[in-house]
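Trainee: Here are the chains, one letter per residue:
Protein chains: 2
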Amino acid sequence: MRMLSEANGSIAGAGALLNIMRDGRARTRAELIQLTGLARSTLAQRLDALLSRQWIVPTEEAISSGGRPAVAFTFNRTARVVLAADLGATHARVAVTDLGTAVLAERAAEVPIDRGPEETLGWLQHTFEEMLAETGHRPDEICGIGVGLPGPVEHSSGRPVNPPIMPGWDGFPVPEWLGSRLGAPVLVDNDVNIMALGEHWAARPEADHLIFIKIGTGIGCGIISDRRLHRGAQGAAGDIGHIQVASALDTVCRCGNVGCLEAVASGAAISAKLCAAGVAAEDSRDVVRLVRGGNTQAVQLIRQAGREVGDVLASIVNFFNPSVIVVGGDISEAGEQVLAGLREVIYSRSLPLATQHLTITGSELGDRAGVIGAAVMVIEHVLAPGSVDRSVSPA
Amino acid sequence: MRMLSEANGSIAGAGALLNIMRDGRARTRAELIQLTGLARSTLAQRLDALLSRQWIVPTEEAISSGGRPAVAFTFNRTARVVLAADLGATHARVAVTDLGTAVLAERAAEVPIDRGPEETLGWLQHTFEEMLAETGHRPDEICGIGVGLPGPVEHSSGRPVNPPIMPGWDGFPVPEWLGSRLGAPVLVDNDVNIMALGEHWAARPEADHLIFIKIGTGIGCGIISDRRLHRGAQGAAGDIGHIQVASALDTVCRCGNVGCLEAVASGAAISAKLCAAGVAAEDSRDVVRLVRGGNTQAVQLIRQAGREVGDVLASIVNFFNPSVIVVGGDISEAGEQVLAGLREVIYSRSLPLATQHLTITGSELGDRAGVIGAAVMVIEHVLAPGSVDRSVSPA
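One line per chain: the protein sequences are A and B, in this order.
Per this note's numbering: the first sequence = residues 1 to 395.
Per this note's numbering: the second sequence = residues 1 to 395.
These aren't lab readings, by the way, just hints derived from the structure by calculation.
A few of these clues could be false.
[As the list claims (entries may be wrong)] If you want the ones that stay clear, here's a sample from chain A, every Cβ over 12 Å from chain B, calculated:
1. Thr59
2. Asn76
3. Arg289
4. Gln297
[Unchecked claim] Stretch by stretch, here's where chain A covers chain B in the computed footprint (C-beta under 8 Å, at least three residues):
5. 34 to 44
6. 129 to 138
7. 151 to 163
8. 237 to 245
9. 319 to 332
10. 345 to 353
[As the list claims (entries may be wrong)] Ranges of calculated distance between the beta carbons of each label pair, as one might list FRET restraints:
11. B:Gly294 / A:Cys275: 54 to 62 Å
12. A:Arg292 / B:Ala340: 44 to 52 Å
13. A:Gly362 / B:Glu141: 50 to 58 Å
14. A:Thr361 / B:Asp114: 49 to 57 Å
15. B:Arg181 / A:Val258: 42 to 50 Å
16. A:Val258 / B:Gly24: 51 to 59 Å
No residue lacks a Cβ here, since even glycine has one placed at the ideal position from N, Cα and C.
Start from the sequences and build out the full structure, keeping to the hints where you can.
Mentor: Listed below in structure tokens is the structure:
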């Protein structure tokens with residue numbers, strides 16, 4: 001049944017045609033007929049639908065021998081803009097991109113998420129409007145809005161689900177609130193999922209199975225299985241911060257359980273340990289600053305944290321057999337000091353077959369992974385065949 | 001680039017047409033043109049290709065009002081047969097099925113895998129030939145052969161990779177050996193992957209994300225992500241028997257590491273513990289027999305094994321967020337005694353969001369999960385659009 005509807009979508013619609021043209025090559029009617037097997041009249045209807053929405057544009061290509069040049073068509077990546085935001089616990093990064101994730105405008109700001117949804121999203125709406133104006137685009141050119149949040153999100157509804165560090169956000173209708181004010185569809189996901197999407201798209205497009213682990217105030221991961229985001233049954237996949245580790249059984253976590261990874265290896269846990277030892281460290285960034293400055297206690301703690309994260313990842317490598325593990329988040333900016341402990345445990349604990357070609361590396365996009373991923377989430381959604389079909393068919 | 005080739009495959013080929021027809025509904029030319037947008041002449045070519053190979057058959061449907069009945073076409077699930085085998089450490093189960101996994105003939109036998117590939121596969125070839133004759137089918141009607149093996153397999157080549165309990169099988173070209181003798185393509189995978197495929201297809205088709213865990217002599221799992229088998233980068237995904245558990249740190253595993261799940265919770269580990277306590281138990285089946293007979297030590301050990309497996313699965317539930325966990329393998333036949341310990345730990349350790357709708361259950365197919373899954377593996381492969389396109393195009 002599922003196969004039927006997928007096949008229908010692919011064969012029948014303008015969306016499938018656009019999917020072929022997304023690679024940017026110009027193609028004539030004759031080429032498209034040969035490629036798709038569509039009847040000439042059907043192809044004409046599909047092309048008209050896409051042209052009227054400017055998803056594609058005609059270009060003159062001098063490919064016919066003699067005679068007048070044949071008209072060809074290409075994907076128009078500037079047809080629309082995407083609004084993308086990565087909202088963290090305290091910082092936000094916001095961008096306007098084209099349909100190829102090229103950044104047209106970008107901003108970073110201190111925006112505490114605990115001020116609640118209306119104040120935060122109000123700021124976001126205002127910022128999006130300003131940036132859109134800067135780029136010279138009109139509101140009707142927004143094809144979609146992507147937002148990452150630092151907590152669990154039910155992806156289908158776009159609503160946060162009991163997010164621990166986001167008071168007032170539980171069940172808040174983010175897509176409706178933002179969509180009604182900006183006049184475009186809104187997709188919401190948790191921050192680690194969009195970071196995985198961004199890193200995969202921009203830096204590791206060849207990887208079939210990728211895990212993006214974020215070590216910041218908390219710890220979580222985004223999972224790419226067979227080149228697609230694996231969100232799990234309740235959208236809760238990747239929540240590894242509360243996996244139990246043997247070395248932490250005497251530590252109570254904010255979740256109420258004992259022994260959670262996050263309670264010993266997160267930025268919050270490391271800075272608490274440093275404070276207890278008389279070293280001033282308020283958050284993840286302070287920890288990284290101390291490590292870079294060569295503070296021995298900070299270096300020891302961060303290597304140990306790497307080992308504890310490695311302990312959890314060693315099991316995940318056996319279970320999931322990824323080709324790449326990317327480490328991001330504030331703490332990852334301590335670089336090789338984190339990766340060392342992590343690699344040490346994974347290579348000694350995981351099965352040789354699963355580690356022989358495994359790459360363990362820092363994030364290439366760094367603190368831009370989330371905002372690029374938010375744009376990717378929108379682009380993959382609006383350019384999906386079924387979605388394009390709905391947008392070009394008469395209401 | 002990837003999208004392009006996928007889209008081409010879907011739009012262009014006879015395979016996409018067959019994919020539409022796999023649901024078994026009869027459809028006329030007019031319906032198929034409407035459904036696909038294909039030109040009448042293109043559709044005719046595709047239908048001819050499928051008819052000549054008997055993938056579809058014409059049926060007369062009296063759907064036209066008055067006039068003569070229009071010709072319709074339906075998928076022909078009896079067009080070909082599949083040979084399927086699930087080879088375990090000591091037992092084998094073999095079947096001949098149609099393209100809908102209906103079993104036409106089936107056998108179970110004691111076949112020790114450690115006799116090496118030539119003797120084992122020689123027996124398999126002979127058995128397949130006998131069973132095919134029983135069903136009245138000819139060798140040229142075999143569309144493919146699926147084989148499950150009790151060890152790691154590189155799925156792309158079909159060769160075992162350092163399989164610990166299969167002396168002589170490392171790198172053995174199973175597909176070439178069997179394919180050249182039976183004249184059909186051969187697909188090979190490890191036993192737990194095909195069990196996951198079989199259980200998902202036959203008993204849990206609605207589950208998007210499923211984990212099938214086999215607890216027998218060893219422990220392993222098969223993973224369904226977004227309704228597809230997740231094999232991982234080296235085909236090693238699901239090898240959870242060597243994940244470290246805290247309660248086993250004083251136990252050396254046959255893999256050389258300490259603390260592996262398999263070293264404390266497998267059928268082999270439980271029967272060894274029973275023997276050490278003076279209770280005669282040679283293997284998993286003896287353990288199950290003792291549990292069913294109410295032997296207190298066996299019951300205690302099997303509940304503890306359930307807790308240890310639950311400990312590993314609790315982490316996997318947080319990471320992967322499956323909708324269903326199916327427990328199979330010999331030890332699972334102890335039923336609720338195993339499931340009790342497993343559920344106890346998962347529900348207390350995993351995140352509430354990930355367990356609120358989680359089903360943890362025994363296998364419905366039991367010891368037929370593997371052989372049905374081997375047939376599913378072949379059917380999904382031979383009926384994939386690209387595969388059909390190659391088979392119907394002139395050489």
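Trainee: Are three or more residues of the region 345 to 353 of chain B within 8 Å, CB to CB, of chain A?
Mentor: This one holds; 3 residues, not fewer than the three required, reach chain A with a Cβ under 8 Å.
Trainee: Tell me if chain A covers the region 34 to 44 of chain B under the three-residue, 8 Å CB rule, please?
Mentor: holds (count 7)
Trainee: State, for the Cβ atoms of Val258 (chain A) and Gly24 (chain B), whether the hinted interval 51 to 59 Å holds or is violated.
Mentor: holds, 54 Å
Trainee: Do the Cβ positions of Arg292 (chain A) and Ala340 (chain B) conform to the proposed distance bound of 44 to 52 Å?
Mentor: With a Cβ separation near 51 Å, Arg292 (chain A) and Ala340 (chain B) satisfy 44 to 52 Å, so the hint holds.
Trainee: Just want to verify: Asn76 (chain A) was marked as not at the interface with chain B; is every Cβ pair farther apart than 12 Å?
Mentor: holds, 17 Å
Trainee: Given the hint of 49 to 57 Å, is the C-beta distance from Thr361 (chain A) to Asp114 (chain B) inside that range or not?
Mentor: violated, 41 Å
Trainee: Assuming the hint says 42 to 50 Å, is it satisfied by the Cβ distance from Arg181 (chain B) to Val258 (chain A) or not?
Mentor: violated, 58 Å
Trainee: Does Arg289 (chain A) sit more than 12 Å from chain B, CB to CB?
Mentor: Nearest chain B Cβ is 31 Å from Arg289 (chain A), so the label holds.
Trainee: Is the coverage entry for the region 151 to 163 of chain B by chain A consistent with the three-residue Cβ rule at 8 Å?
Mentor: holds (count 3)
Trainee: Lying within 50 to 58 Å: is that true of the beta-carbon distance Gly362 (chain A) to Glu141 (chain B)?
Mentor: The hinted range 50 to 58 Å holds for Gly362 (chain A) and Glu141 (chain B), with Cβ atoms some 55 Å apart.
Trainee: Do at least three Cβ atoms from the region 319 to 332 of chain B come closer than 8 Å to Cβ atoms of chain A?
Mentor: holds (count 5)
Trainee: Classify the label on Gln297 (chain A) as holds or violated, using whether its beta-carbon is more than 12 Å from each beta-carbon of chain B.
Mentor: Answer for Gln297 (chain A): holds, closest chain B Cβ roughly 27 Å.
Comparing the model with each earlier hint shows violations of hints 6, 14, 15; every other hint is respected.
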